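**Q** Sequence:
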Amino acid sequence: MIKNLPVDLLSIIILYLASVILGRKILKWFKFYNAINENYIFSFGVGLFFLIFSTFILGHLGLLYKKLFLTLFALLFLLNFKETKEIILNFTSISYSIIKQLKNRSLINLVLLIILFSNITFNFLYNYAPPAADDELIYQISLPRYYYDNHRIIVRNDNFSSYYPQYGQLLFTLAMVTGSPLSAKLMVYFIGLLLILILYNFTKKYTSKETALLTIVIFYTMPIITSLTGITSADIINIFFLLLSVYAFFNWEDDMEENKWFYLSAFFAGISLGTRPHSYPIVGALILFVFILLLFDKTVNIKTTLLKMITYCLIVFAMFSPWLIRSFLFTGNPTYPMKLISGMADDKYFTMMMKFRLVDKNLLTFLYKFPTKPIIWSCGAIIVAFAPIILFFKDSVFAKRIFLLSALIMLIVYAIFVPEQRYYLLSFPLLSICAASSISLIINKISSIWRKIIYIVVVFALILPNAVFSAYWGFKRIPLFIGKESVDSYLTREYTILETYPVVKYINENIPKNKKVLFLGTVWAPQYYYQNNMALGMGEYPPDFFSQNIKEVIARLHQDGVNYLVLLRKDLTKDNENNLFYTYLYQPPGMCISWLNNNNKKNFKLLYEKNDVEVYEVK
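When you number the sequence shown by my numbering, it's gap-free, plus one each residue, and the end is 629.
No lab work stands behind these hints, which were simulated from the structure alone. Only a predicted model underlies this, so the values are computations on that prediction, with no experimental measurement involved. Ideal placement from N, C-alpha and C gives every residue a C-beta, glycine not left out. Among the hints, a few may not be true.
Stated by the list, open to error - Straight-line distance between alpha carbons at most 25 Å, and here's what the computed DSS-like set of lysine-lysine pairs gives:
| # | residue 1 | residue 2 |
| --- | --- | --- |
| 1 | K455 | K404 |
| 2 | K561 | K584 |
| 3 | K612 | K525 |
| 4 | K526 | K455 |
| 5 | K629 | K523 |
To be verified - Label pairs and their computed distance ranges (CB to CB):
| # | residue 1 | residue 2 | range |
| --- | --- | --- | --- |
| 6 | G353 | L73 | 32 to 38 Å |
| 7 | K515 | V165 | 27 to 33 Å |
| 8 | I109 | T583 | 24 to 30 Å |
| 9 | Y482 | P16 | 25 to 31 Å |
| 10 | K35 | M364 | 41 to 47 Å |
| 11 | S116 | L85 | 44 to 50 Å |
| 12 | M364 | L78 | 45 to 51 Å |
| 13 | L82 | T131 | 31 to 37 Å |
Whole structure, please, built from the sequences with the hints as guidance.
**A** Below you can see the structure in the form of structure tokens.
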């Protein structure tokens with residue numbers, strides 16, 4: 011793995027430099043002037059979206075070619091040589107300044123820095139490994155890899171996720187085109203590091219350096235952040251744009267004559283909505299938060315408030331609208347795969363998934379599980395224990411406003427969405443600010459003995475389970491990173507969620523190239539590791555296809571050029587007549603697959619059978 015690292019790092023550096031250069035030019039055009047750190051942060055966000063949207067356009071034109079993109083980046087750097095040099099020198103200077111400041115830190119701050127940098131190191135080892143998680147293999151990195159391999163953005167009928175808003179996936183595609191498929195994973199890791207920088211600057215601006223440091227350590231050591239930075243996940247990119255939106259709004263509140271910050275907040279909120287579709291409750295909470303603050307601001311009248319909110323919502327909609335237009339052109343339904351208007355097309359599997367995911371919302375159970383269970387999506391106990399305490403301090407207006415926004419997010423998401431931690435994304439950095447502010451205020455009001463006790467409690471909570479969780483995933487990947495373990499050995503051990511890696515190897519080594527392989531037992535096919543053949547999920551066909559007559563099925567498979575089947579028994583059950591039922595998106599007994607039973611096995615030749623996975627050739 012370490013041999014490939016220079017190429018992937020170079021691709022990330024290219025994208026970061028290009029984003030800052032483009033973003034600075036755009037912000038200068040709109041006359042944004044602020045501190046150098048803030049300038050780079052917001053420039054990067056604006057420039058990154060410009061690159062993502064360029065990928066959106068070029069991808070639909072079928073122009074996702076490495077030579078084209080590298081040529082464009084080379085021209086950008088040459089035409090802006092002085093600015094490129096200035097950015098590199100400023101970054102070097104800032105990095106050196108940070109290192110110098112480490113020498114003058116107190117003992118507790120040094121401990122916090124050790125915990126932070128250990129997490130940064132282990133999260134890198136966790137991240138820089140071949141993808142093996144189910145979500146990234148069927149959607150997050152699989153679709154970008156498919157676009158990358160085909161040099162264009164292609165809608166897949168067997169994967170309704172390909173109709174989702176995909177600014178995050180397009181960033182992964184861009185990273186692949188610039189570097190390699192693993193560059194996409196590395197981009198997630200570095201966006202996570204940039205989140206630390208944003209959160210630190212934002213918190214320091216309204217509190218202190220010590221509180222800002224504690225904030226980023228609380229946030230970055232959360233198991234959910236380790237999980238999201240360790241795999242290819244657009245969720246981290248979503249938090250990035252959401253936090254920039256909040257940051258820009260508070261900048262506007264500092265100087266309400268500068269309306270451009272208000273509009274920039276809406277700009278980033280709209281991008282976040284186009285990054286992950288399930289962020290709409292968070293964006294809704296953010297809009298409500300903005301409205302509440304304007305409503306209670308005595309310097310802004312009702313008419314101005316309403317006009318500003320309409321403008322804010324229109325900008326959010328404009329940034330999200332390319333995906334609505336795209337879906338409308340492809341399907342006639344702007345919200346496909348969801349059907350909001352009767353008579354428009356929808357995806358049956360998406361509809362089934364939404365019904366399947368409706369769960370019983372027990373508030374007490376949710377509050378109990380939220381900080382700790384399951385550990386991969388947990389936030390730890392610190393924010394639960396300390397964040398609410400901020401309400402009892404008079405001199406903490408900033409933190410109280412942050413807590414209000416967090417509370418709105420929690421209430422709205424819980425009311426209209428599934429109670430899973432990863433759908434409350436923006437709450438985690440915001441509640442980290444509240445918790446760190448509470449701890450800082452408490453420490454300033456208690457004796458030295460109690461101060462030491464608080465320090466011990468906080469450090470212990472940061473280590474267990476937070477830092478230990480990161481270390482566990484990082485240590486497991488050290489042999490792979492240094493070359494002591496092969497990629498095949500690693501994937502055989504880690505890739506166990508779907509068909510397992512031995513099946514991947516069998517298909518790649520034994521099935522002729524350019525064949526279609528239909529997977530039974532998953533709606534979404536794990537395409538990523540099948541570069542020679544096209545893997546199809548059950549979503550390729552309507553649900554009634556799986557209960558048709560065997561002759562009709564065989565004729566259709568031959569017509570579509572589907573030559574092979576992979577049977578995944580993990581999410582399949584069978585009845586007394588050996589009919590199979592797909593249960594993952596269905597309530598019992600499930601969706602019947604009536605034609606793959608003992609009576610019809612003569613139509614299929616068994617090629618491989620191991621660990622509840624079977625590979626058949628269609629006769």
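**Q** Work down the list of hints and note, for each, if the structure agrees.
**A** Going through the hints against the structure:
Of the pairs offered as hints, the one joining K455 and K404 holds, with about 13 Å between alpha carbons and a cut-off of 25 Å not exceeded. A distance of roughly 21 Å separates the Cα atoms of K561 and K584; the hinted pair therefore holds under the 25 Å criterion. Restraint check for K612 and K525: satisfied, since their Cα atoms lie roughly 21 Å apart, inside the 25 Å limit. For the hint linking K526 to K455, the alpha-carbon distance of about 68 Å lies beyond 25 Å, and the restraint is violated.
Simply put, K629 and K523 have alpha-carbon atoms about 18 Å apart, close enough for the 25 Å limit, and the pair holds. The hinted range of 32 to 38 Å is satisfied by G353 and L73, whose Cβ atoms lie roughly 36 Å apart. A hinted range of 27 to 33 Å for the beta carbons of K515 and V165 is consistent with their spacing of about 29 Å. Between I109 and T583 the C-beta distance comes to about 59 Å, which lies outside the given range of 24 to 30 Å.
Look at Y482 against P16: about 27 Å separates their beta carbons, and that is inside 25 to 31 Å. Between K35 and M364 the CB atoms are about 42 Å apart, so this pair conforms to the stated range of 41 to 47 Å. The beta-carbon spacing between S116 and L85, approximately 48 Å, falls within the hinted interval of 44 to 50 Å. As the Cβ distance of M364 to L78 is approximately 39 Å, the hint placing it in 45 to 51 Å is violated.
For the pair L82 and T131, the supplied restraint of 31 to 37 Å holds, since their beta-carbon distance comes to about 34 Å.
Hints 4, 8 and 12 from the earlier list are contradicted by this structure; the remaining hints agree with it.
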